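4 protein chains.
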Amino acid sequence: MFVSKEEIQLLYADTDMMGVMYHANYLKWLELGRSALIRDLGFSYIEMEEAGFYAPVYDVQITYKTPLRYGDQAHVYTWVEENGGLKTIYGYEIKNQRDEVCAVGQTTHIVVKKENFRPVQFKKAFPEWFAKYEEVKKK
Amino acid sequence: MFVSKEEIQLLYADTDMMGVMYHANYLKWLELGRSALIRDLGFSYIEMEEAGFYAPVYDVQITYKTPLRYGDQAHVYTWVEENGGLKTIYGYEIKNQRDEVCAVGQTTHIVVKKENFRPVQFKKAFPEWFAKYEEVKKK
Amino acid sequence: MFVSKEEIQLLYADTDMMGVMYHANYLKWLELGRSALIRDLGFSYIEMEEAGFYAPVYDVQITYKTPLRYGDQAHVYTWVEENGGLKTIYGYEIKNQRDEVCAVGQTTHIVVKKENFRPVQFKKAFPEWFAKYEEVKKK
Amino acid sequence: MFVSKEEIQLLYADTDMMGVMYHANYLKWLELGRSALIRDLGFSYIEMEEAGFYAPVYDVQITYKTPLRYGDQAHVYTWVEENGGLKTIYGYEIKNQRDEVCAVGQTTHIVVKKENFRPVQFKKAFPEWFAKYEEVKKK
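Residue numbers (our numbering), protein chains in the order written: chain A, 1 to 139; chain B, 1 to 139; chain C, 1 to 139; chain D, 1 to 139.
Derived by calculation from the structure, the hints in this document are not laboratory data. Values in this document were obtained by computation on a predicted structure and should not be read as measured data. Hints may contain errors.
No copy labels: a pair is met if it fits in one copy or bridges any two.
Unchecked claim - Using 25 Å as the maximum straight-line C-alpha spacing, the simulated DSS-like pairs for lysine-lysine come out as follows: (1) K65 <-> K28; (2) K65 <-> K113; (3) K114 <-> K65; (4) K28 <-> K5; (5) K139 <-> K114; (6) K123 <-> K65; (7) K87 <-> K5; (8) K87 <-> K132; (9) K124 <-> K65; (10) K124 <-> K138.
Based on the sequences and whatever the hints tell you, model everything.
Right, here's the structure in full:
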């Protein structure tokens, strides 16, 4: 199982009046982790779009365990949780500088054609990419 | 079961290069729905903070069914899904102008003390509010 | 001179750890005001895009006078400050429920072709729209 | 004159349906540049807040020259443009991987007391910090 690690730029902009990072912003950091994983495995989300496809988020599940604050050093860890014919599930963990788990989550993605958002088989549209996910996914 | 309905201001700022609303922004609209429900039931989240408490999000689950686009007219429907001693779960549905379900979700909240983020019993800290939730929650 | 008035949805998401609305978010509300002005004058920014053009922001100037807070009721007032051959300048004022001026600003826009971001004359591409701006602009 | 350089994390979240980075997001990257400059000069914005002060943005002026896109590598360059008794003005330039200037801007800040947002003299409240700005500012 391959796990990607990427540092997160925590901005003052991302805080809220509770004095912590606003919860919706964590989803941007899951996106950051996903991009890093794809890059680390030798692929590129931009090339998927240039080939005529999108990989929209179908489902998100996230649990917040310890608040992240401005000034923290945070990293997002990302892996392939499941690699199905139609759906890919990514797993995530966000940790702070004390290695505390701040959030854990999963996002489910499908691949669709740009022109009509119709789902296609990831396996057929991107066979090499799919094969790499088979190799590195969580067993 | 009481369901609150609130119109969402969809901004160009909320779109992404897929041409649709970026998925993380839906969590802001769940916040909007939650505030509307609380207001419609006669309470106020600001008063909770003024009384020395926060109600942070502990968990989010959301499924995206139909993309929202700039120019759509969208509403968020919100209700109390579960009202436990420690955790409150809100349920949500976001619909567009054709009454299509664009997203369904749930958020789980706990009540904590402002100074240390320690959980307290919602039932004890806000008995009237808790009683109202008992009355209007999903059976 | 015609001035459009639009209510702003102030979200908890838009606050920061200073306890006020984060300054960058005001630019989203200028966008909201601009859309409202265009709609009130009988036009539509979406139709501009469907006709093959964008109207990107070229320049922003904004001064913050009184902080907006969560729970405030705010409105954005928008008008055409200048209507040139190549550039349109919008003027803005954001006020709270006590009619205090929270921010004043200007944004400058050009019209460009979608495919190459090359500037075109607003006056030539949208003559009716340009004429309406001549009629309602600040003298 | 000292100029700080900081890489910007460009997220898909920051794009809009024009296919470029949404203009309001650049203000977050000015914040990033400002924090980097302060850190590079040996100070810390967090310590200012811990000492009982905020440095809110009073004014922003920004001009957009070349659109930033998802996949670009961008940096923000930041310096002290003016260092007055009451107001500090920061200057900024954002460049892409081809060293093209994407945006130039200025932000004006005042120092205020946390409890009442009343302005104080930066020079008096933070004499060392002020002296450092005198040393490195644009002549």
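A quick look at each hint next to the structure:
Taking the shortest alpha-carbon separations for K65 and K28, both the intra-copy value of 17 Å and the inter-copy value of 20 Å come in at or below 25 Å. Within a single copy, K65 and K113 get their C-alpha atoms only as close as 36 Å, which misses the 25 Å cut-off; across copies the closest is 16 Å, which meets it. When the C-alpha separation of K114 and K65 is checked against a cutoff of 25 Å, the pair qualifies only between copies, where the shortest distance is 16 Å, while the shortest distance within a copy is 36 Å. For a Cα distance limit of 25 Å, the shortest separation of K28 from K5 qualifies both inside one copy, at 15 Å, and across copies, at 24 Å.
When the C-alpha separation of K139 and K114 is checked against a cutoff of 25 Å, the pair qualifies neither within a copy, at 32 Å, nor between copies, at 41 Å. Taking the closest pair of Cα atoms, K123 and K65 come within 25 Å of each other only across two copies (22 Å); inside a single copy the shortest separation is 35 Å, beyond that limit. Within a single copy, K87 and K5 get their C-alpha atoms as close as 23 Å, which meets the 25 Å cut-off; across copies the closest is 32 Å, which misses it. For the homomeric pair K87 and K132, the shortest alpha-carbon distance inside one copy (15 Å) is at most 25 Å, but the shortest distance between copies (41 Å) is not.
Taking identical chains as interchangeable, the C-alpha atoms of K124 and K65 lie at most 25 Å apart only when they sit on different chains, with a minimum of 23 Å there against 38 Å within one chain. Taking the closest pair of Cα atoms, K124 and K138 come within 25 Å of each other only inside a single copy of the chain (21 Å); across copies the shortest separation is 43 Å, beyond that limit.
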